[in-house]
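Please take these sequences and the hints and turn them into a complete structure.
Protein sequences appear in the order of chains V and G.
When you number the first sequence by numbering that gives the first Met the number 0, it's gap-free, plus one each residue, and the end is 100.
When you number the second sequence by numbering that gives the first Met the number 0, it's gap-free, plus one each residue, and the end is 495.
Just so you know, the hints here were simulated from the structure itself, not pulled from any lab data.
For every residue, glycine included, the Cβ atom is placed at its ideal position computed from N, Cα and C.
Some hints could be false.
Claimed, not checked - Going by beta-carbon spacing under 8 Å, a handful of chain V positions derived as facing chain G:
#1 V64
#2 R70
#3 H87
#4 Y89
One letter stands for each residue in the lines below.
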Amino acid sequence: MTSERPVVTPAVVLEVAELARLHVPEDELSRWAGQLSRIVGYIDQLAAIPEQAFGGSPAAPATPVRPDVPRPGDGDRALAANAPRRLHGYGVVPRVVGAGS
Amino acid sequence: MSAVESPRKIEVFPVIGLEVHAQLLTRSKIFCGCPVTVGAPPNSATCPVCLGFPGTLPVLNREAVTLALRLALAAGATLHRESQFARKNYFYPDLPKGYQISQYDRPFSTGGSIAIDTPEGEKAIRLVRIHLEEDAGKLLHDTPYDDVPENVSLVDWNRAGVPLVEIVGEPDLRSAEEAASYLTELRRLVRYTGVCDGDMEKGSLRCDANVSVRTSPTAPLGTRVEIKNVNSIRFVAKAIEHEIERQAQSLARGEAIVQETRLWDEKGGRTVSMRSKEEAHDYRYFPEPDLGLLVLDEKWIAEARGALPELPRRRRERLATAHGLAPQDADTLVSARELADYYERVVAAGVPGRLAANWVTGEALRWMKERRVSTEQALSFSVSPERLAGLLKLVESGEISAASGKDVLVAMLDSSTEAAAIVAEKGLGRMRDTGALEAAVAEIVAGNPSQVALFKSGKTQTFGWFVGQVMKKTGGRADPAAVREALTRALESAGP
Ligand SMILES: [Zn+2]
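This is the structure in structure tokens:
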């Protein structure tokens with residue numbers, strides 16, 4: 000498993016930041032690009048190690064399942080303690096129109 | 000293959016693929032124990048897991064998988080022993096975690112098909128895949144409250160984490176009608192299998208349509224436009240129809256089709272642009288690290304298969320063949336599993352299949368509609384299949400006429416009385432009193448000397464007129480054979 004070492008360019012940083020709804024000032028772009036390139040490069044280095052070196056991959060674990068039994072989750076209280084703003088039991092967010100996914 | 004003529008005379012050939020989301024009929028959510036509710040107070044059915052609080056972990060609901068398996072088996076899909084959940088990342092207030100747990104490159108089911116009827120015969124619409132995922136919450140933009148400012152939206156996360164299957168169809172549909180047939184069949188299938196209630200208005204079945212057009216049936220696929228937000232089969236057909244026309248006109252004007260998402264605006268009867276490809280999301284899917292692989296074993300698959308009922312199209316075929324039913328009647332009967340069950344119970348109670356079909360698809364269905372009993376509620380219709388059978392046996396034996404039968408059915412609607420008792424009480428049964436029949440015949444013969452004269456002069460077709468008069472006189476209750484016999488005797492002995 001080897002791949003070409005990806006280079007994170009300032010353009011890539013901008014795109015990722017936009018997807019994450021983050022603001023990255025123009026003058027910080029190159030610093031971010033450099034740091035992210037090093038991180039991605041490190042991951043690539045790990046990927047280059049042959050799988051046998053880890054002693055073979057263990058059997059993939061099956062995700063546990065639970066029975067279909069409803070129980071109260073107390074989300075109201077969790078929201079009351081954490082949500083910045085609520086009205087009539089609803090969460091309140093800046094007005095958005097459109098569709099999510 | 001249908002072509003649509005646009006006003007500018009460009010012939011286009013539509014290509015349509017549907018993506019359908021179906022809410023699974025579980026009691027609790029897919030990754031937490033919160034109840035799946037309808038109309039509960041906002042956010043009352045939530046917990047730290049479905050609200051995406053840090054440090055919480057999802058645990059898969061076994062029943063959600065079983066239901067999804069059942070649907071995949073019903074569609075003849077290929078099940079994968081190992082599948083994986085993935086995170087679909089996007090920011091929206093109805094998605095508390097900032098990602099939706101879905102399946103991406105390793106869904107539990109691929110392939111399969113949904114058969115539809117077309118004028119050219121049966122056509123199989125292939126499925127790309129069926130996968131499991133969680134629903135998002137609901138945003139409320141126009142609220143009924145006076146104290147909610149204009150510049151906010153309200154969020155109810157009760158729906159967040161409700162289990163869904165997404166059924167992705169191949170672009171095998173060639174017209175809006177085919178798309179509507181596909182949705183009708185799919186809805187019938189999810190209802191038959193008990194996987195989903197199929198209610199599009201309430202949003203438990205939702206449909207997005209991908210529509211493109213091309214100028215020849217063999218040309219490469221055109222640029223596709225996705226239509227969202229359509230909440231009935233009729234509207235899906237209308238939205239697609241409109242979109243095909245819009246694209247045809249664009250091509251006629253020499254414009255390129257823009258890849259975009261459009262919303263169906265029912266009031267305006269048109270689709271409106273929502274976002275173009277440039278603004279499209281990059282979901283950055285990656286394997287869900289908080290869940291292991293979904294591993295299916297034989298036992299689990301067998302369990303899902305064991306719960307499969309006879310599927311609607313097979314049942315339609317069986318009923319039509321076994322009872323010699325017209326295709327349209329058989330189709331109506333299987334439109335809901337409960338209606339077909341109702342019909343089969345009428346037949347099981349001893350009524351000939353065709354007579355039962357006529358009455359169930361006719362009078363019984365008419366009264367169910369009148370009384371707002373949906374076909375899914377057929378078995379709780381006030382006239383049980385066994386009581387209807389009691390009535391139909393009286394019709395079949397000739398004890399009462401079909402017309403009287405309809406009146407008796409009306410009387411049965413609001414009572415638990417058996418048909419025979421109503422017939423006896425109202426005196427609707429066949430006239431057994433030969434004296435009364437003789438008297439009615441004598442009266443008709445005596446009261447119509449000119450008709451008698453005509454008959455005597457050789458106009459034998461007048462005999463039918465006499466039969467009709469006697470039947471009328473006896474309220475249709477006389478036995479036609481007995482009437483003929485009595486009339487023949489009476490006319491022979493009549494003067495001159
Ligand atoms: Zn929950």
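We went through each hint and held it up to the structure:
Checking V64(V) against chain G: minimum C-beta separation of about 4 Å stays under 8 Å; hint holds. Among the interface hints, the one on R70(V) holds; its C-beta lies about 4 Å from the nearest C-beta in chain G, closer than the 8 Å criterion. A cut of 8 Å between beta carbons decides the hint on H87(V): the least distance to chain G is about 6 Å, and the hint holds. Among the interface hints, the one on Y89(V) holds; its C-beta lies about 4 Å from the nearest C-beta in chain G, closer than the 8 Å criterion.
Checked against the numbered hints above, the structure violates none of them.
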